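With these hints in hand, go ahead and build the complete structure from the sequences.
Residues in the sequence shown are numbered from 369 upward in steps of one, following the working numbering.
Take these hints with a grain of salt, some might be off.
[To be verified] Here are the simulated EDC-like pairs of lysine to aspartate or glutamate, each with C-alpha atoms no more than 20 Å apart in a straight line:
1) K662 - E549
2) K662 - E543
3) K662 - D548
4) K662 - E651
5) K662 - D550
[Said to hold, decoys possible] Pair by pair, the computed Cβ-Cβ distance ranges are:
6) E676 - A419: 45 to 53 Å
7) P477 - R654: 37 to 45 Å
8) R679 - D387: 23 to 31 Å
9) L646 - T411: 26 to 34 Å
10) N433 - G490: 24 to 32 Å
11) L660 - E467: 14 to 22 Å
12) S370 - R683: 42 to 50 Å
Just so you know, these hints were derived from the structure itself, not from any lab. Remember, predicted model here, so these are calculated numbers, not experimental data. Even for Gly, the Cβ is constructed at its ideal location relative to N, Cα and C.
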Amino acid sequence: MSLRVSVVVPTWNGRHHLDVLLPSLAAQTTTAFETVVVDNASTDGTVDWLAAEWPDVRVVALPENAGFAGPVNRGIEAARGEHVALVNNDVELDPRFLEALLATLDAHPRAGSVAARMVVFGDRDVLDGAGDELFWQGTAHPRGRGEPVARWDEPGEVFSASGGAALYRGAALAEVGLLDEDFFAYQEDVDWGFRARLAGWSCRYEPGAIAYHVGGGTTESKAAAHPLVYRLNRRNGVALVLKNYPARALLRHGPLVLWGMALALVGSARVGMLRVHLQALAEAGRALPATLRKRRAVQATRRVPVSELERVVRRPRGWRLTPGGDREA
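Structure below.
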């Protein structure tokens, strides 16, 4: 039997999570896969524990914590499967998870990725996310987060997949490339999905592929992580727009981009994150030369018109597209 999938699992001090995830991988209805755990310099004995308890799991041990994009890329580079599934360490998978993802990928030849249905681990009637949706102001959100799971039973197209539970076509990875490691963590999966869209690949949502997600599985504590998460999200959001928005899209949707930036700045002050927000903008400014170089490379390989992006990127309620661009209704 050919090796259809390499399941790549980045982890940092997540042995207790792997103790739940790995048995759920062992219970999958398909066996045509390998598991590659990429350890982010854990100090909880993860590597030794894997060698003793899960000898069939391939381990890539990194010398230092490289965020999310770094270990994912090292895992993809080590992968021997036809396709790559990315799975957070803090999920439990339904037995049909891989089978359902593969069936959808096979049924849609131009799908570069398939998003799973992520469900809240501690309340399995609540959705954690059904793929990611992108708004023209440059913000991405998990679709349906916090809603009843039963509302999201229909498969279909979605802007991009969450790297916490998704399948990526090998041919799409070969064409689009790996995750942008300058993002370090947060929104690098949306950035990859955007680049794939520009290259002509779509993304599907498969509700039959279920992952029960704990959340926060790779951070020490919510309180300590929050400023870092906020800074990385704001910084990476700037890079997401500058790298991927075609010039015509920036002209047509510029008002929404500026409106979103202004709202984010005001919002940061309200939650005591203004200094963190300004730090994020400063970091984005220092990275501007590198970001613009990446932009030139991304836009040079774009295959789809802006109208195709306008079909899948959303605008917030109360805004409409006019011949002169986005305007408040």
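Now the hints, each set against the structure:
A distance of roughly 12 Å separates the Cα atoms of K662 and E549; the hinted pair therefore holds under the 20 Å criterion. Our distance criterion of 20 Å between C-alpha atoms is met by K662 and E543, whose separation comes to about 15 Å. For a cut-off of 20 Å, the pair hint linking K662 to D548 stands: about 10 Å separates their Cα positions. For the hint pairing K662 with E651, the CA-to-CA distance comes to about 16 Å; that is within 20 Å, so the pair holds.
Under the criterion of a C-alpha separation no larger than 20 Å, the hint pairing K662 with D550 is consistent with the structure, at around 11 Å. The hinted window of 45 to 53 Å between E676 and A419 holds, with their beta carbons roughly 47 Å apart. In this structure, P477 and R654 meet the distance hint of 37 to 45 Å, their C-beta atoms being roughly 41 Å apart. The supplied range of 23 to 31 Å is broken by R679 and D387, whose beta-carbon atoms lie about 43 Å from each other.
Remark: the range hint 26 to 34 Å for L646 to T411 is upheld by a beta-carbon distance near 33 Å. Between N433 and G490 the beta carbon distance is about 27 Å. The supplied range of 24 to 32 Å therefore holds. At roughly 43 Å, the beta carbons of L660 and E467 sit outside the given window of 14 to 22 Å. Separation of S370 from R683 is about 43 Å and conforms to the stated range, judged on CB atoms against 42 to 50 Å.
Hint compliance for this structure: hints 8 and 11 are not met, and every other hint is.
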